[in-house]
Amino acid sequence: MNKAVAITGMGIISAIGNDTGENYRSLILGKHGISSPEILKTIHRDLPVGEIKISNETLAQDLNLPKNHSFTRAALLGAFAVSEAITQSKLKIDGGTGFISGTSVGGMDATETYFKEFTEGKAENSRFIRAQHPGFTTEIIAEHFGITGFVSTISTACSSGANAIMLGARMIKAGKLKRVIVGGTDCLTKFTLNGFNSLMILSDEHCKPFDENRNGLNLGEGAAYLVLEAEEELNVKPVLGRISGYGNANDAFHQTASSENGEGAFLAMQKAMKTAGISSEKIDYINAHGTATKNNDSAEAKALKRIFFKNSPDFSSTKAFTGHTLAAAGALEAVYSLLSIQHQEVFANLNFSDPMDSSGFIPVTQLKAKPIDHVLSNSFGFGGNCTSLIFSKNGE
Amino acid sequence: MENKIYINGIGSISAQPGDVISWEAARLYHENIFPAISPNYKEFIKPMALRRMSQAIKMGITSAKIALNEAEIEIPEAIITGTGEGCKQDTEKFLENLLDQDEKLLTPTSFIQSTHNTIGGQIALNLGCKNYNVTYTQNSVSLETAFLDAQMQFSENPEINSVLVGGVDEISEKITSFRKLDGQLKPDPIKNTDLLKEDSTGTITSEGAHFFALSKEKKQNTYAEFQSVFMKNSIQPEKINDEIEAFLKINKLDLAAVDTVILGINGDNRYDHYYKNPQEKLFKNTTQLAYKHLIGDFDTASGYAVYLAANILKSGEIPEILKLNKLECSVPKTILIYNQYLGRDHSLILLSAV
Chain A
1 MNKAVAITGM GIISAIGNDT GENYRSLILG KHGISSPEIL KTIHRDLPVG
51 EIKISNETLA QDLNLPKNHS FTRAALLGAF AVSEAITQSK LKIDGGTGFI
101 SGTSVGGMDA TETYFKEFTE GKAENSRFIR AQHPGFTTEI IAEHFGITGF
151 VSTISTACSS GANAIMLGAR MIKAGKLKRV IVGGTDCLTK FTLNGFNSLM
201 ILSDEHCKPF DENRNGLNLG EGAAYLVLEA EEELNVKPVL GRISGYGNAN
251 DAFHQTASSE NGEGAFLAMQ KAMKTAGISS EKIDYINAHG TATKNNDSAE
301 AKALKRIFFK NSPDFSSTKA FTGHTLAAAG ALEAVYSLLS IQHQEVFANL
351 NFSDPMDSSG FIPVTQLKAK PIDHVLSNSF GFGGNCTSLI FSKNGE
Chain B
1 MENKIYINGI GSISAQPGDV ISWEAARLYH ENIFPAISPN YKEFIKPMAL
51 RRMSQAIKMG ITSAKIALNE AEIEIPEAII TGTGEGCKQD TEKFLENLLD
101 QDEKLLTPTS FIQSTHNTIG GQIALNLGCK NYNVTYTQNS VSLETAFLDA
151 QMQFSENPEI NSVLVGGVDE ISEKITSFRK LDGQLKPDPI KNTDLLKEDS
201 TGTITSEGAH FFALSKEKKQ NTYAEFQSVF MKNSIQPEKI NDEIEAFLKI
251 NKLDLAAVDT VILGINGDNR YDHYYKNPQE KLFKNTTQLA YKHLIGDFDT
301 ASGYAVYLAA NILKSGEIPE ILKLNKLECS VPKTILIYNQ YLGRDHSLIL
351 LSAV
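If you read the protein sequences in the order shown, they are chains A and B. Its first residue numbered 1, the first sequence is counted upward by one per residue in our numbering. Its first residue numbered 1, the second sequence is counted upward by one per residue in our numbering.
Simulated from the structure, these hints should not be mistaken for lab results. It should be emphasised that the depicted structure is a prediction, and the values quoted were computed from it without experimental measurement. Warning: the hint list may mix true and false statements.
Said to hold, decoys possible - Example chain B residues on the side facing chain A (calculated, C-beta under 8 Å, incomplete):
| hint | residue |
| --- | --- |
| 1 | K130 |
| 2 | Y132 |
| 3 | L181 |
| 4 | S234 |
All C-beta atoms in this analysis are idealised placements derived from N, C-alpha and C, irrespective of residue type, glycine included.
Let the hints inform the model, and build the full structure from the sequences given.
This is the structure:
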């Protein structure tokens with residue numbers, strides 16, 4: 001059997017912190033990052049979001065970019081998080097280093113800013129025309145770090161980041177890459193905020209994952225990346241944890257809604273445990289997708305019930321901290337899963353008071369210390385795309 | 001031991017009619033943006049559903065179904081889609097409404113269908129296929145990443161027998177026309193079949209969908225064997241020959257074994273020199289073909305090259321209109337496809353006759 005894939009670095013930026021340390025401190029202190037939109041210029045000031053309070057100008061300065069750069073906000077956040085991951089793993093970047101990024105709307109922030117200009121035939125900001133397409137954002141991050149080899153983008157809506165991690169792990173196992181940076185990035189845009197708002201699944205208060213009275217999600221932004229390395233490349237490098245399982249399935253039910261019994265989620269979790277070669281009792285913590293929409297949380301709970309019966313392991317959704325960061329969510333939550341293993345702690349599901357009538361499941365609501373060897377992380381998206389990942393303690 | 005992978009079904013929708021081998025004349029276009037030729041979508045999609053679908057979704061579902069029907073596969077064990085620019089028509093619609101209505105009174109339909117994975121998701125929904133499903137969107141290697149994933153699916157899991165792989169891109173009124181502003185399109189309209197004679201910047205563009213039913217089993221109507229795919233984000237023009245030779249070596253092939261190359265030449269004089277090196281050195285004595293003068297250039301245009309290669313390998317015939325040089329190749333056995341866009345996202349695909 002193949003050994004689980006080693007993770008040697010991680011980096012993150014989200015509404016609860018600009019690096020791994022800051023994110024961890026917010027998680028253990030129960031400090032959320034939900035606020036009113038300030039950097040995103042929108043009329044929907046009443047919709048709470050998980051916004052990173054750093055301007056594009058400041059991010060560009062931190063990254064030492066030239067004045068006429070063509071980084072979109074997703075590229076800026078992405079490069080910021082990649083930089084931390086590379087530093088931590090002391091990664092050697094060469095022809096055998098790959099980059100796989102998940103993003104849902106890529107550089108939509110630039111497109112919505114310049115769309116009218118382009119329509120009028122003004123070419124002044126034409127360097128942002130290709131920015132609309134997700135591959136552009138990925139490529140510009142790759143170029144910034146001198147990655148010239150395998151570069152690709154996955155766009156499976158809210159499971160993009162998780163699928164990017166899965167592809168990276170598979171390519172390492174298959175011997176196609178020696179080192180790969182995997183994860184996802186998405187920034188707040190008017191396009192997504194209004195899109196989810198038109199679907200009437202945004203909450204006007206702080207989201208309440210898995211609560212009977214939940215009334216929608218808060219949108220967030222962020223980026224997170226992991227460095228995966230082949231066994232023979234490790235030498236004496238510290239291993240933060242391992243990707244032991246992954247599963248991808250399609251709900252094949254509806255373009256945006258989950259099936260009532262959470263079929264896609266069920267299949268994805270089942271496949272993940274099969275690749276990891278572990279049974280459901282071995283899972284110590286589930287970082288749930290838990291968006292706090294009526295539909296997702298009840299479908300996910302149904303799927304959990306089908307896998308774990310009555311004895312669901314400790315679970316929580318960290319989306320009340322960060323908001324739902326779409327394509328980046330699976331990557332952010334991969335970092336949280338690894339932190340959970342590193343510190344042997346389950347992070348709290350904020351804003352919970354009443355269990356859902358349908359399942360009766362109660363998430364972990366206070367920081368909880370316990371032995372943790374295996375964490376299951378769920379990411380589900382539009383188009384029925386469901387992905388589950390299992391992170392394990394090194395040596396387990 | 002690696003399994004062999006065969007192409008047993010192909011669905012192709014492009015700006016040219018099907019059945020390329022028996023063609024007499026190519027369809028001519030005099031604009032730099034031109035649409036695909038629509039098949040009768042009603043044969044494949046229910047009228048109610050069809051009304052709400054953008055071109056990309058219609059082309060995707062239809063070509064996927066054609067490929068699966070031909071290969072006699074009901075439910076593939078994976079659906080892997082590549083799209084460089086995704087569902088532009090719905091994106092454009094939602095974005096324009098948002099900007100024109102100042103974020104007020106928006107309806108969700110076009111937003112729902114704007115995500116890049118809509119095509120792959122809709123194919124799954126249409127087939128009732130709950131298996132592995134991913135969408136890649138990396139400019140001109142979107143379809144190539146999908147092929148790479150498919151190849152890994154077969155080698156990882158011995159239980160996998162069939163995988164559906166495809167590439168789809170649509171044109172939209174505004175977003176596609178922005179390409180005139182940043183030099184991606186030629187400044188003046190040309191006739192598509194004159195593309196390869198052009199000495200100017202930019203190219204011409206269109207849309208299309210190409211789905212391939214891949215299988216471990218060789219059948220009587222198998223098109224070709226899918227051997228390998230390679231992609232690299234950036235390459236120095238003078239290093240391209242080294243990359244091609246390294247790729248052939250990994251696949252245990254001599255240069256001489258490649259009897260036909262299909263090149264992604266798109267008439268952009270700023271980047272076509274990438275093809276010059278292999279044309280003048282490695283493949284001096286090899287039959288050289290091009291195709292973008294027929295269907296334009298778009299991120300998943302290489303799907304048309306795979307479709308051509310598979311048909312050439314099956315029929316043993318090469319249509320005159322594709323030929324770049326006078327070298328005859330009696331019976332094509334091994335075809336190499338090389339593509340790039342704007343000097344980035346390079347890919348090599350290798351197919352062979354069965």
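Results for each hint:
Checking K130(B) against chain A by beta carbon gives a least distance of about 5 Å; that is within 8 Å, so the hint holds. Below 8 Å, beta-carbon pairs count as interface contacts, and Y132(B) has one with chain A at about 5 Å; its hint therefore holds. For the restraint placing L181(B) at the interface with chain A, the shortest Cβ-Cβ distance is roughly 4 Å, inside the 8 Å limit, so the hint holds. For S234(B), the interface hint holds, the least distance from its beta-carbon to any beta-carbon of chain A being 5 Å, beneath 8 Å.
Violation of the numbered hints given earlier is absent; every hint is satisfied by the structure.
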